[in-house]
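Position chain B relative to chain A; hints supplied.
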Amino acid sequence: MRAPGDGHGTTAGEVLLAVEGVSLSFGGVKAITDVSFDIRKGEIRAIIGPNGAGKTSMLNVINGFYHPQQGRIAFKGETRKRMRPYVAASQGIARTFQNVALFKGMSTIDNIMAGRTLKMKTGFFWQCLRHGPALNEEIEHRKFVEEIIDFLEIQAIRKMPVGKLPYGLQKRVELGRALAMQPDLLLLDEPMAGMNLEEKEDMSRFIIDVNNQYGTTIALIEHDMGVVMDLSDRVVVLEYGRKIADGTPAEVSADQKVIDAYLGVPH
Amino acid sequence: MFYREAGQYKTSYAADMAVFPIRQDLIGVLLMLAVAYVAIPMFGSEFFLSSVMIPFLVFSLAAIGLNVLTGYTGLISLGTGAFMGVGAYACYKLTTIFPGVNIIVWIVVSGFFSALVGVLFGIPSLRIKGFYLAVATLAAQFFLQWCFVRIPWLYNYNASGAIEVAQRTLFDIPITGARATPETRYFVLLTIVVVLTWFASNLVHGRIGRAWMAVRDMDIAAELMGIKLLDTKLLAFAVSSFYAGVAGACMMFLWYGGGEASDAFNINQSFNILFMVIIGGLGSLIGSFFGAAFISTLPTVLKFGLPAIGIPLAGATAEHLTHIVVGGLIIFFLIVEPHGLARLWQIGKQKLRMWPFPY
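Taken in order, these protein sequences are the chains called A and B.
Per the numbering used here, the first sequence starts with residue 1, numbered consecutively.
Per the numbering used here, the second sequence starts with residue 1001, numbered consecutively.
These are calculated hints, taken from the structure and not from any lab test.
There may be inaccurate statements among the hints.
The following label-pair restraints were derived from C-beta to C-beta distances [stated by the list, open to error]: (1) Gly-52/A - Leu-1298/B: 55 to 63 Å; (2) Gln-1008/B - Gly-247/A: 52 to 60 Å; (3) Arg-72/A - Phe-1131/B: 38 to 46 Å.
Some chain A residues near chain B, calculated using beta-carbon distances under 7 Å [stated by the list, open to error]: (4) Arg-95; (5) Met-106; (6) Asp-110; (7) Thr-117; (8) Leu-118.
The model shown is predicted, which means the values in this text are computed figures rather than measured ones.
C-beta atoms are modelled at their ideal positions from N, C-alpha and C, and glycine is treated no differently.
Extracted from the complex, chain A is given alone in its bound form:
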């Protein structure tokens, strides 16, 4: 793995996504309070924090799934008003989930092909016939999907219903489905939760490869500090919905507030 904070991507500079003063509450519960940070093009950005810190809520805001009461979000320099998940997806934001959210009744291929839905254009009429443009389009996208399958080394399970796959492979298929969207920004919600060391190392390698090979910007939530420190270029730390630190892994891990948040402070 790379040395922590080796500067990859940090110099890229251009801001891909900016989160400014975002607050989100559900009724009386404040999930996120006045959080600002940015994600730069080409970097791996980690969002960490103790349980209930608002990390997943943050991803849901970026996705357009939750609408924050305050603050603004700009993706590719475009400030978003109220935005539907559909718009976020068509702008190039893809996502994996903390609890695997695959389409359980479908095969691996179909799951990843479903990720290409936005790129497929042939109309209802041709879909009914499944010949001509519809078939050509299907083949063309199948080729792309096969590349992803090769990349993730899941050739052997391409025809299996994903519900029957072991957890580690399901996580991999889910990554594949997100990659099929050819996203500019890939959000990974605990991609390594519940994995053993070997699976974690595999997944880390895939994340780095995605970042290097496709140049995809990645924002990930992860609890394994070793992984976070190794993978990410910059880290933002949340606690009780507030941002308490932001910087390179080295800076963040030396921050007293972060240490307090994770280890607790005597009262």
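Same frame as chain A, but now just chain B:
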């Protein structure tokens, strides 16, 4: 023994994505078509055609429709009967107003009217799911059924309130009305069913089918991947109701030949078709055929088959016994294979592929 894919190598994605990737499956389907088009009309009696095959095909079509909605998209509907009714009445009105246009055209076009009504009643599906949606579609069932009885315009102000099927011809051969032979009606219906089944199979194997199943399996993930939930669900409602509508039109014009329509499209019919889909197999086109065969033809087979092989049954006893046997079989199949007859079929095929080894 015969059912092996050994030696069948796929060298293109097109071949790998084929609906029947194993050659024997394709041969099997062609054989079935040959039987349906040649053997059955040749050897089947008039009774067999009009009391077994025609109902079976009509219900298959309706079951495919409901399967698109419930099996593929995961939306339960109890309004299938009413949507069938919309198709039947639309067809009746259309052929009354434009008698010159071929009836087959109107049977298909009436599906679009049904699709429109289906979309209308499908709008709540964005917000409500599961049993609650079932109740919402129940509203469609009762409302439309009320319309069928209370709006005399729909049945052309007949004194009887029934649909009267006039004679319509294709190339001077009567295909509806009293003088249409069961053979002609069977051929017309079979062709409609084959073409629409082919369309349905294409749809569920492509982009649209994947979107439907994605919504069924994990709607949040589907939404975050850019699949528009409302559009996808409404399309499922439209396609489903289209099939139901065509099935309803076929039922009135090619099977019943007219009659008290409001009874044919009541809530019992909706349940009947839902049971076909559940017993046949949710999310399986072949399952729709199995389910339709099981529920629509088994009573007929028991009623007329048992006396034929020497077990005497008469009148009410036969009626009661069929209910008991069919009910028992439904429970038996649901216990043995809760995923329906389609799954049993799949398991059987898998066993054949592996034979003589257990796995």
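Structure-based check of each hint:
Taken as a hint, the range 55 to 63 Å holds for the pair Gly-52/A and Leu-1298/B, whose Cβ atoms sit roughly 56 Å apart. A hinted range of 52 to 60 Å holds for the C-beta pair Gln-1008/B and Gly-247/A, which are about 59 Å apart. Between Arg-72/A and Phe-1131/B the Cβ separation comes to about 40 Å, which falls inside the hinted range of 38 to 46 Å. With 7 Å as the threshold, the beta carbon of Arg-95/A comes within range of chain B, its nearest partner Cβ sitting at about 5 Å, so the hint holds.
With a least beta-carbon distance of about 5 Å to chain B, the hint placing Met-106/A at the interface is held under the 7 Å criterion. At its closest, the beta carbon of Asp-110/A sits 6 Å from a beta carbon of chain B; the interface hint therefore holds under the 7 Å criterion. Hint status for Thr-117/A relative to chain B: holds, with the closest Cβ pair at about 6 Å, below 7 Å. With its C-beta approaching chain B no nearer than about 4 Å, Leu-118/A sits inside the 7 Å limit, and its interface hint holds.
Comparing the model with each numbered hint stated earlier shows that all of them hold.
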